[in-house]
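J.: Protein chains in written order, with the UniProt record's numbering: chain A, 1 to 114; chain B, 1 to 114.
Just so you know, these hints were derived from the structure itself, not from any lab.
Mixed in with the good hints, there may be bad ones.
Chain copies aren't distinguished; within one or between two, either way the pair holds.
Claimed, not checked - No more than 35 Å apart at the CA atoms, straight line, and that leaves these computed lysine-lysine pairs for DSBU-like:
(1) Lys90 to Lys76
(2) Lys30 to Lys93
(3) Lys93 to Lys75
Protein chains: 2
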Amino acid sequence: MPLSRLPSPPYYAVIFASVRTDKDDDGYAKMAVEMSRLAAQQEGYLGQDSTERDNEGMGITVSYWRDEAAILAWKKQVDHTAARNMGREKWYKSYTLRVARVERAYDFDRPEQA
Amino acid sequence: MPLSRLPSPPYYAVIFASVRTDKDDDGYAKMAVEMSRLAAQQEGYLGQDSTERDNEGMGITVSYWRDEAAILAWKKQVDHTAARNMGREKWYKSYTLRVARVERAYDFDRPEQA
């Protein structure tokens, strides 16, 4: 997936770092795809950067939002709330979630080789 | 690596999402370890969360800092500046770097099974 290119700051980031339980997938992959799809439909969603989960079960997803109101609305969205509850019940060993105001941003793209 | 546990907000996050070039490692892994070690020695460094690079060469590292002054000092650190130049010259196909003020944070740890 290419990196998100966004309008100029300020905007908000939700930094979600998580470690999966050792259990089987148990619906996790399907939920993750569905939540990404659903987030992208929300008012104020700007984009997200996400890595595949590494060998230690750790992954980081950063989603970007126009403002805090958009983040709060997404937090309260019904299907998302159900997925969060399932996450705590069975999918995640641990996670941290941080809400941050993006103040500066820089991009780099390698020039095409001549 | 366990997830970073930090003091209460506010503090700052540097969100670095990058895609590697298809080239050989060419010193990249060694540099990455050295930069993590060096960052951890800086005044105002609080911690970092980082995933292994996935199959598409993408990785996300989020480092946490006490304040913007600490981030600026790290940006100017000589060895780090050299590594950033090398990154643009040969290691990265593209990257985005965002500086954000963390305003709220939540942790979850699965209770030990009885």
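J.: Each hint should be assessed against the structure and marked as holding or not.
T.: Hints, one by one, checked against the model:
1. Lys90 to Lys76: Result: close within a single copy only, 20 Å intra versus 44 Å inter.
2. Lys30 to Lys93: This pair counts as both: shortest intra-copy Cα distance 18 Å, inter-copy 30 Å.
3. Lys93 to Lys75: Cα proximity of Lys93 and Lys75: in one copy and across copies (20 Å, 34 Å).
In summary, the structure agrees with every hint in the numbered list given earlier.
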